[in-house]
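Taking the hints into account, I'd like the entire structure generated from these sequences.
One-letter residues, chain by chain:
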Amino acid sequence: MGIITLLTDFGTKDPYVGIMKGVVLGLNPNAAIVDLTHQIAPGDITQAAHVMGESYSFFPPATIHVAVVDPGVGTNRKPILVKSRNHFFVGPDNGLFWPIIKANDEVLVIHLTNRKFFLPHISPTFHGRDIFAPVAGHLSLGTDPLIMGKRLENPISIPDTTPTRKGDTLFGWAVRIDHFGNIITNIRREDLVRFLGGRQMVIRVEKESIEGVMETYADGAEGKLLALFGSTDHLEFAVNSGRADRLLNLDEAHGLPVVAVDRVEPSQKT
Amino acid sequence: MGIITLLTDFGTKDPYVGIMKGVVLGLNPNAAIVDLTHQIAPGDITQAAHVMGESYSFFPPATIHVAVVDPGVGTNRKPILVKSRNHFFVGPDNGLFWPIIKANDEVLVIHLTNRKFFLPHISPTFHGRDIFAPVAGHLSLGTDPLIMGKRLENPISIPDTTPTRKGDTLFGWAVRIDHFGNIITNIRREDLVRFLGGRQMVIRVEKESIEGVMETYADGAEGKLLALFGSTDHLEFAVNSGRADRLLNLDEAHGLPVVAVDRVEPSQKT
Amino acid sequence: MGIITLLTDFGTKDPYVGIMKGVVLGLNPNAAIVDLTHQIAPGDITQAAHVMGESYSFFPPATIHVAVVDPGVGTNRKPILVKSRNHFFVGPDNGLFWPIIKANDEVLVIHLTNRKFFLPHISPTFHGRDIFAPVAGHLSLGTDPLIMGKRLENPISIPDTTPTRKGDTLFGWAVRIDHFGNIITNIRREDLVRFLGGRQMVIRVEKESIEGVMETYADGAEGKLLALFGSTDHLEFAVNSGRADRLLNLDEAHGLPVVAVDRVEPSQKT
Numbered sequence: 169m170g171i172i173t174l175l176t177d178f179g180t181k182d183p184y185v186g187i188m189k190g191v192v193l194g195l196n197p198n199a200a201i202v203d204l205t206h207q208i209a210p211g212d213i214t215q216a217a218h219v220m221g222e223s224y225s226f227f228p229p230a231t232i233h234v235a236v237v238d239p240g241v242g243t244n245r246k247p248i249l250v251k252s253r254n255h256f257f258v259g260p261d262n263g264l265f266w267p268i269i270k271a272n273d274e275v276l277v278i279h280l281t282n283r284k285f286f287l288p289h290i291s292p293t294f295h296g297r298d299i300f301a302p303v304a305g306h307l308s309l310g311t312d313p314l315i316m317g318k319r320l321e322n323p324i325s326i327p328d329t330t331p332t333r334k335g336d337t338l339f340g341w342a343v344r345i346d347h348f349g350n351i352i353t354n355i356r357r358e359d360l361v362r363f364l365g366g367r368q369m370v371i372r373v374e375k376e377s378i379e380g381v382m383e384t385y386a387d388g389a390e391g392k393l394l395a396l397f398g399s400t401d402h403l404e405f406a407v408n409s410g411r412a413d414r415l416l417n418l419d420e421a422h423g424l425p426v427v428a429v430d431r432v433e434p435s436q437k438t
Numbered sequence: 169m170g171i172i173t174l175l176t177d178f179g180t181k182d183p184y185v186g187i188m189k190g191v192v193l194g195l196n197p198n199a200a201i202v203d204l205t206h207q208i209a210p211g212d213i214t215q216a217a218h219v220m221g222e223s224y225s226f227f228p229p230a231t232i233h234v235a236v237v238d239p240g241v242g243t244n245r246k247p248i249l250v251k252s253r254n255h256f257f258v259g260p261d262n263g264l265f266w267p268i269i270k271a272n273d274e275v276l277v278i279h280l281t282n283r284k285f286f287l288p289h290i291s292p293t294f295h296g297r298d299i300f301a302p303v304a305g306h307l308s309l310g311t312d313p314l315i316m317g318k319r320l321e322n323p324i325s326i327p328d329t330t331p332t333r334k335g336d337t338l339f340g341w342a343v344r345i346d347h348f349g350n351i352i353t354n355i356r357r358e359d360l361v362r363f364l365g366g367r368q369m370v371i372r373v374e375k376e377s378i379e380g381v382m383e384t385y386a387d388g389a390e391g392k393l394l395a396l397f398g399s400t401d402h403l404e405f406a407v408n409s410g411r412a413d414r415l416l417n418l419d420e421a422h423g424l425p426v427v428a429v430d431r432v433e434p435s436q437k438t
Numbered sequence: 169m170g171i172i173t174l175l176t177d178f179g180t181k182d183p184y185v186g187i188m189k190g191v192v193l194g195l196n197p198n199a200a201i202v203d204l205t206h207q208i209a210p211g212d213i214t215q216a217a218h219v220m221g222e223s224y225s226f227f228p229p230a231t232i233h234v235a236v237v238d239p240g241v242g243t244n245r246k247p248i249l250v251k252s253r254n255h256f257f258v259g260p261d262n263g264l265f266w267p268i269i270k271a272n273d274e275v276l277v278i279h280l281t282n283r284k285f286f287l288p289h290i291s292p293t294f295h296g297r298d299i300f301a302p303v304a305g306h307l308s309l310g311t312d313p314l315i316m317g318k319r320l321e322n323p324i325s326i327p328d329t330t331p332t333r334k335g336d337t338l339f340g341w342a343v344r345i346d347h348f349g350n351i352i353t354n355i356r357r358e359d360l361v362r363f364l365g366g367r368q369m370v371i372r373v374e375k376e377s378i379e380g381v382m383e384t385y386a387d388g389a390e391g392k393l394l395a396l397f398g399s400t401d402h403l404e405f406a407v408n409s410g411r412a413d414r415l416l417n418l419d420e421a422h423g424l425p426v427v428a429v430d431r432v433e434p435s436q437k438t
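Chains as they are written, first to last, in my numbering: chain A, 169 to 438; chain B, 169 to 438; chain C, 169 to 438.
Note that these hints are calculated values from the structure, not bench results. A hint or two may mislead.
One copy or two, it doesn't matter: identical chains are merged, so the pair holds either way.
Stated by the list, open to error - With a straight-line Cα cutoff of 30 Å, these simulated DSSO-like cross-link-like pairs (lysine-lysine) come out:
| # | residue 1 | residue 2 |
| --- | --- | --- |
| 1 | Lys246 | Lys392 |
| 2 | Lys334 | Lys270 |
| 3 | Lys251 | Lys270 |
| 4 | Lys181 | Lys392 |
| 5 | Lys318 | Lys270 |
| 6 | Lys181 | Lys270 |
| 7 | Lys334 | Lys375 |
| 8 | Lys181 | Lys375 |
| 9 | Lys246 | Lys181 |
Okay, here's the thing in structure tokens:
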């Protein structure tokens, strides 16, 4: 057995993802390989980190998550393996795994240096095939991460991706637009509840402001922007029977907006 | 073992489908999971029902078909399990499985109420992950559907999707445009043959009329609309080395046309 | 076990690929099925042959590669099975497998005629489901190719796809644009090195000319066209943090350009 997930910015037009699977199956024909997504915006490490963060914990312990969003492929950026309490992560040391490393106490980061676990020939343009897929294949067979390289003390970090507070306002931002046009933010339910401390909220995004959150998409008035906690308990904007991205005229290529939540006393609400 | 298919309107940009697979594999690491499609038009239950109808019977007995086109997620619409003689179906009670329920005598419909077979926390926006995936995982391990909930006597229906006859004309409609631009109708070969009773046919769609059907795409004149029975024995329009949707200026977002078949005596043909 | 790859022009909107997998799993529930791509341009046999050529060797011995780019489906073109030393290939006899047949000495080509290994009913529009998938399923169970049909001596060929030399210039062409906008040519590193014989090179494509090749994408100046050997050791054009297809204003639908490599003495370079 052995479950391996793949998250890349490769798209699905080229055979690149299939080739990585061929390399894995050549080492472990019983691996179960799952595509998380191959449509990360090219080179967008932050988006990749967000998608990994909302996905990995739904997989069983010992799952190996391979993430290849790797604009520095072939340069001196390091190939790494991250072992948290329950999961393995394999990919480039470019910040993609930083939120996972930061959030886990017992994390082990290995700089993959032992070429015995790579393909014999390493192309400078496709480490997904030549390094990360074979490492995942070997890991899935039970190889000890410690013999695959040496501990890395200072993996690359990315800027903090959690909301900040200024007085009675919590500032977060939109991180992703999903297939349905829902806009997903980095504001978690538990952080918002703590911030509110029992008070009520007004949520502001672009020129819209919304009082409170709905339970389901269908609770909103048709055609009007609503807020709710999405499936990973992050604040999310949606439109019942419509698309929030269209209503707000947003797309990922042009950048995503700041989201502000004001905590207010009931009397303050207009 | 255990074969599980997935049909959704989730697209493939987000990790939602991969996450559902993680939940299934966490319960049954040996499940074989097959994507039918994730590109149903958002919320289009009728299209989902058509695609399921043309697909499921090519899978072996005991396959579990999970379909999540679920505009009412989180409302009081019911999660259900349908057992036909040879297959299982899991998804929302919104009409998606109605054609299968209607066409099978020995069908069992279960309202999924036993939370033991769901994830511990149910998000109101992602029952695919929290209800349907774990139910499919448990089913694939041999769990008896009868302990997963209680019989449902009146599942939601959708309008009849079979052609109607008026005198010497059979009226059906286009249900789907495929990747090649072929236009697939709801008119089945056997129903058409019975209707014709040995007479000949003139097929009308938009401003085109076609006498008779071809055997293969390559039989048509290049650039001209042709009709044939497609791979599921439904009447289909195509263009040899071209696209029928372009020739007829059709796309799914703007609705698909009625298709009329007139039965004529040989002498009547112009 | 048994690994089966799929390469088609079916897209992923329709359930056609999933249905083929259902047929395979009905015969061999333990088959591991890998998608190479389903986004070959409709009917583009040459492109399919290129993608197959860069992919198959990364799969383990005995992998079965099913390729269905089949504009002549249902006509008298033959269904075939090709056995090279290490791999099986299954699909239509239309030239798709010609480069593999030509490059292998010990190749066996079988015209698939034994209907015992097909589905009982053969639709003239979907041999992928009715012939190629079940043949792959049977092959993966160890069925001898020789009982599946009879040897075919003259499979269909496609024009030679290797570069040609004229004096001090090697002429190749672009064969594919990948997801990142990189332009992949048919010029292999080893052929180019032999042609150069130690001299230097000037590479011409459209109105651009480039002296020499880089090692990695990140070596290029931002926004400028660069050349390198891609992951399958073919000459490739790219732009660091950009897209070569946009810089050269190319897209596959409008045809891809000739690429010329001049060998020059060091003094000749400006």
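Verification of the supplied hints:
no. : hint              : result
1   : Lys246 <-> Lys392 : between (47 Å within a copy, 26 Å between copies)
2   : Lys334 <-> Lys270 : within (24 Å within a copy, 59 Å between copies)
3   : Lys251 <-> Lys270 : within (12 Å within a copy, 46 Å between copies)
4   : Lys181 <-> Lys392 : between (36 Å within a copy, 25 Å between copies)
5   : Lys318 <-> Lys270 : within (19 Å within a copy, 46 Å between copies)
6   : Lys181 <-> Lys270 : between (34 Å within a copy, 26 Å between copies)
7   : Lys334 <-> Lys375 : within (20 Å within a copy, 55 Å between copies)
8   : Lys181 <-> Lys375 : between (38 Å within a copy, 27 Å between copies)
9   : Lys246 <-> Lys181 : both (27 Å within a copy, 27 Å between copies)
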